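Peer 1: So you can see what is in the structure, the chains are spelled out below.
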Amino acid sequence: MAIVTMGFAIVINTVSVWHIAHAGTYVAGAYLAWIMVALLGLPLWLGLIISIVGCGIIGIIMEIGLYRPLRRSGSPIGGYLLASIGLAFVIQNAWALLAGTYPKMVGGEIKVSYNIGNIYFTNIDIILIIACALVFTFFFFFLNRTSIGLSVKAVASNSRLSEIWGADFDRVSLITMVIASLTVAPASMVRVIDIGIVPFAGWDVLILALIAYIVGGVGSTLGAGLAGLCLGIIKSLMIWQMPSVWAPLIIFAIVYVFMWARPRGISGKKVWVYEV
Amino acid sequence: MDYIITILTSICIWAILGISWNLMAGYSKLFALCQSAFFGVGAYCTAILMTNLGWNFVPSLIAAMGITALVALLIALPSLRVHSDYFLVISLAFLYVFYHSVKNLEITGGATGIKGIPSPSILGWVIGPSYPYLAMSIICLIAVYLVARQITKSAFGKTLLAVGCDELAASSVGKNITAVKVSCVMISATLAAISGSLYAGQMRYINADDFFLDQTFLIVCIVILGGFKSIKGSVLGAIILIMIPELMRFTPLPTTVIGPITGLFYGLVLIVIMLFRPHGLLGERMKG
Chain A
1 MAIVTMGFAI
11 VINTVSVWHI
21 AHAGTYVAGA
31 YLAWIMVALL
41 GLPLWLGLII
51 SIVGCGIIGI
61 IMEIGLYRPL
71 RRSGSPIGGY
81 LLASIGLAFV
91 IQNAWALLAG
101 TYPKMVGGEI
111 KVSYNIGNIY
121 FTNIDIILII
131 ACALVFTFFF
141 FFLNRTSIGL
151 SVKAVASNSR
161 LSEIWGADFD
171 RVSLITMVIA
181 SLTVAPASMV
191 RVIDIGIVPF
201 AGWDVLILAL
211 IAYIVGGVGS
221 TLGAGLAGLC
231 LGIIKSLMIW
241 QMPSVWAPLI
251 IFAIVYVFMW
261 ARPRGISGKK
271 VWVYEV
Chain B
1 MDYIITILTS
11 ICIWAILGIS
21 WNLMAGYSKL
31 FALCQSAFFG
41 VGAYCTAILM
51 TNLGWNFVPS
61 LIAAMGITAL
71 VALLIALPSL
81 RVHSDYFLVI
91 SLAFLYVFYH
101 SVKNLEITGG
111 ATGIKGIPSP
121 SILGWVIGPS
131 YPYLAMSIIC
141 LIAVYLVARQ
151 ITKSAFGKTL
161 LAVGCDELAA
171 SSVGKNITAV
181 KVSCVMISAT
191 LAAISGSLYA
201 GQMRYINADD
211 FFLDQTFLIV
221 CIVILGGFKS
231 IKGSVLGAII
241 LIMIPELMRF
251 TPLPTTVIGP
261 ITGLFYGLVL
271 IVIMLFRPHG
281 LLGERMKG
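Chains as they are written, first to last, in our numbering: chain A, 1 to 276; chain B, 1 to 288.
Fair warning: there could be bad hints in the mix.
[Stated by the list, open to error] Which bits of chain B does chain A cover? Going by a derived footprint, with three or more residues having C-beta under 8 Å, they are:
| hint | region |
| --- | --- |
| 1 | 48-61 |
| 2 | 191-203 |
| 3 | 208-220 |
[Unchecked claim] Partial list, derived from the structure: chain A residues whose beta carbon lies under 7 Å from chain B:
| hint | residue |
| --- | --- |
| 4 | P69 |
| 5 | G86 |
| 6 | I211 |
[Stated by the list, open to error] What follows is a list of derived Cβ distance ranges for each label pair:
| hint | chain 1 | residue 1 | chain 2 | residue 2 | range |
| --- | --- | --- | --- | --- | --- |
| 7 | B | A111 | A | Y102 | 18 to 26 Å |
| 8 | B | I258 | A | F141 | 29 to 37 Å |
| 9 | A | A253 | B | I240 | 24 to 32 Å |
| 10 | A | G196 | B | V272 | 49 to 57 Å |
| 11 | A | S73 | B | L253 | 47 to 55 Å |
| 12 | B | V257 | A | S73 | 46 to 54 Å |
| 13 | B | L268 | A | I60 | 19 to 27 Å |
| 14 | B | L268 | A | L150 | 36 to 44 Å |
| 15 | A | S73 | B | K232 | 48 to 56 Å |
| 16 | B | V173 | A | I127 | 41 to 49 Å |
Hints were generated in silico from the structure; no laboratory data involved. Please read all numbers here as calculations on a predicted model, not as lab measurements. A virtual CB, placed ideally from N, CA and C, is assigned to each residue, including glycine.
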């Protein structure tokens, strides 16, 4: 959850694209893993690597095939949004066509349950926590310690000024897309192993990611990741206490309260700036 | 023949939805992704009032419009106080909540939906499922068309355009941006409620799955294909996009494949239009 949110947030912040097609990448990554492991009989770790590479390639194709031509033609932000929705639609329906709408699972046999007192959890949960921490650390170092990461941040804060200083916008946005797409693969892998993938699973995840992005604070990639984590935890706690059907309502209530009380999110800076 | 009438009625319903979304997205650039939820609120209000309380069609239509406008106000107010982008997120979240609530509440019939909605009647004259219903839908479409055209020509419509083009400039000449945006969303939702009522009366059976993401994206596709800021375009878009899946039924494709292919096609329409003709078939050219 947090991983998807971070990938999503980095794209919005840097190239100001509402990257709805991230839902498509998530689903595609999961299906790639499924094809590799279930159909071709590869081991799980190899499936994960191929799925990561595949997601990266999908990111490159999206950037070069869709976002770059749109940027060249001077499309408004709404244009990116709509094209991105279209792309998410195409990818998810393509998988529905290719693989059918039944859930697909692999590697369920590696799932082991543990319990400490009353708390039950599986080793998948532990793997998920570790993966999340790894991606989080990766983002932190990438954004703060590497020169590419710094130029991503520069473009995010003011694209025109950083272009004057020599940042190559096309290159930065390509890198951003690849990073965002790569990091979604572990999340989708866990999904395949844990509960299985269906073609339209992307939407649910995406809606939560969007909400976490707002709650976590516009303009803050790591804040968005933290908020994704918090939302996931709150949602699970709620399900523990009341019927699970009301979980979306609770999440919505949280966003609604945030919208009134703290529109800039937990760690966000300014809400928005008038561009001159 | 009945089949053709059903398709024509659907076209009217979706054209109304297209017009309503176009008012909001085309004119004041508010990309709300919950139009199908407004559509659904309208349909469910009508269905509940007519089935459970035995109201007539016209009063329940009016009540549905009022309730939907109220819902739209509640959704739009907090998010539009901040920024239009937040509205996008909260509208998507609202769609999600609407879907899950309707699927689980008792009053909306849960996952099975509402069955046996009576045929609408006006002044004791029952409007059957055939020609009279089509006539009523066409009358509604024409009324909505005229209202929308009147709005876009009025001073309010010009303000909407101004807010869509440049918020800062619009506020600097003394326009209350939030009020304009919120009323725009409310008008749009009210129009969507009309088509929701028509839908409930036509299908006589509604279900939560009729008002979710696919429907929102169909509305978006209709508007994009027809072109922003073109009310005629939305009608044309509805005609094209409703006809195509129907025509596909006559091809030898199995029915399980038609759903994904239609979705794929709608997605491709969005991408291709955005890449090569961002102002749609009949719309005005968009500026960056």
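Peer 1: If a hint holds in the structure, say so; if it doesn't, say that too.
Peer 2: Hint check results:
Counting residues of the region 48-61 of chain B whose beta carbon lies closer than 8 Å to any beta carbon of chain A gives 0, which falls short of the minimum of three for the stated coverage. Against chain A, the region 191-203 of chain B contributes 0 residues with a C-beta closer than 8 Å to a partner C-beta. That does not satisfy the three-residue criterion, and the hint is violated. Restraint check on the region 208-220 of chain B versus chain A: 3 residues with Cβ-Cβ distances below 8 Å, three needed, restraint holds. Residue-level restraint check for A:P69 holds (minimum Cβ-Cβ distance to chain B is 6 Å; threshold 7 Å).
About 3 Å separates the beta-carbon of A:G86 from the nearest beta-carbon of chain B, less than 7 Å, and the hint is met. Because the smallest distance between the Cβ of A:I211 and any Cβ of chain B comes to about 6 Å, under 7 Å, the interface hint for this residue holds. Between B:A111 and A:Y102, the C-beta spacing of about 19 Å keeps the proposed range 18 to 26 Å intact. Between B:I258 and A:F141 the C-beta distance comes to about 48 Å, which lies outside the given range of 29 to 37 Å.
Taking 24 to 32 Å as the suggested C-beta distance range, the pair A:A253 and B:I240 does not conform, at roughly 40 Å. For the hinted restraint 49 to 57 Å between A:G196 and B:V272, the CB-CB distance of approximately 33 Å leaves it violated. For the pair A:S73 and B:L253, the supplied restraint of 47 to 55 Å is violated, since their beta-carbon distance comes to about 35 Å. Look at B:V257 against A:S73: about 34 Å separates their beta carbons, and that is not inside 46 to 54 Å.
At about 20 Å, the beta-carbon gap between B:L268 and A:I60 stays in the expected band of 19 to 27 Å. Restraint check, B:L268 to A:L150: a C-beta distance of roughly 38 Å satisfies the suggested window 36 to 44 Å. Distance hint check: the CB atoms of A:S73 and B:K232 are about 25 Å apart, inconsistent with the given range 48 to 56 Å. At roughly 58 Å, the beta carbons of B:V173 and A:I127 sit outside the given window of 41 to 49 Å.
Checked against the numbered hints above, the structure violates hints 1, 2, 8, 9, 10, 11, 12, 15, 16; every other hint is satisfied.
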